[in-house]
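J.: Work out the full structure: start from the sequences and follow the hints.
Residue numbers (full-length UniProt numbering): 1 to 309.
By construction, these hints were calculated from the structure, which means they are not laboratory data. Just so it is clear, the structure is predicted and the values come from calculations on it, not from any experiment. Keep in mind that a hint or two might mislead.
Computed beta-carbon distance windows for the label pairs [claimed, not checked]:
# : residue 1 : residue 2 : range
1 : Gly252    : Thr229    : 20 to 28 Å
2 : Thr227    : Gln97     : 18 to 26 Å
3 : Pro104    : Ser239    : 34 to 42 Å
Idealized CB from N, CA, C, for every residue including glycine.
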Amino acid sequence: MAEMQMTGHGNGPTSAHGFTTMANWAGAAVSMALLVGVGVWGYKLIMRDVSGVPVVRAAEGPMRVAPDNPGGSSAAHQGLAVNQIAGTGTSAPPPDQLTLAPRPLDLAQEDAPQPMLSARADRASDRDMNARLQLAEDSTAAPGSDSAIQSLADQIAADAAAKLNAGADGGGAALEVEEAAAAPRFPGSLTRSLRPRLRPQDLRAVSLAAVPVSQTVTELSPETIATGTPVVQLGAFDSAEIARAEWDRLSGRFSDFLEDKSRVVQKANSGGRTFYRLRAHGFVDINDARRLCAALQAGRAECIPVTTR
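T.: Here it is, written out as structure tokens:
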């Protein structure tokens, strides 16, 4: 009996068929897993409670953080002797140095209320007007000479006597006619306007020129004034003579304010230039100097309250 010989060509179809079967089963498993996953996801999506309260995750870390300085900032007025008595029951030892509180400051002119500014301006203008009227009265009352006044009085008396004599010699008839013509037709009515009397032509004009009033001005040397003394500066000028002339002019305008003040002319240098400061001395404190400057500035005069250094 002849033997049949087997070759390798017979095993080929069997191995290819096995690989295809395994690939099919693997694809089926993946498809089934995908279908199951999609089904589960859809079920959860449908069955989810839409009206449920969402859950918010809490923030990490503590809810409250203590401040870096739990005691807070230091309060004012600590360390006073009165607080020492209330806290410990005993008084503190006396300090080595005592410092007084500064004087209260007044409002500046631009910060003051409007009625106060107008009242200051009215008072300053009234004082200025009173000073001018007083100066005019003094100038009018001051005679040029006794002989001029006596001659003027003689002329007036002689003219009045001549008119009286002429009226007596002219007869009373003309006077009666004039009075009858001037009599009003109705009682209480005015028939003729009054006319002013004519000025006599032979009267000589009396000079009413202002007589210069001699005022004693006290001038202080800047070296004699202590440091920290309140003064007011009225300007800076090129020479001491100009500064003194400006003082005389201001004394004429503001005699009520500067009559009890002393003049100070101080020489100073700045930027290679020499000038002279005009100042007024004689104030109780810096507030008194500010009040004078407010009155002078209301009269359109320059004034700055300062303290000597």
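J.: Looking back at the numbered hints, which does the structure fail to meet, lowest number first?
T.: none
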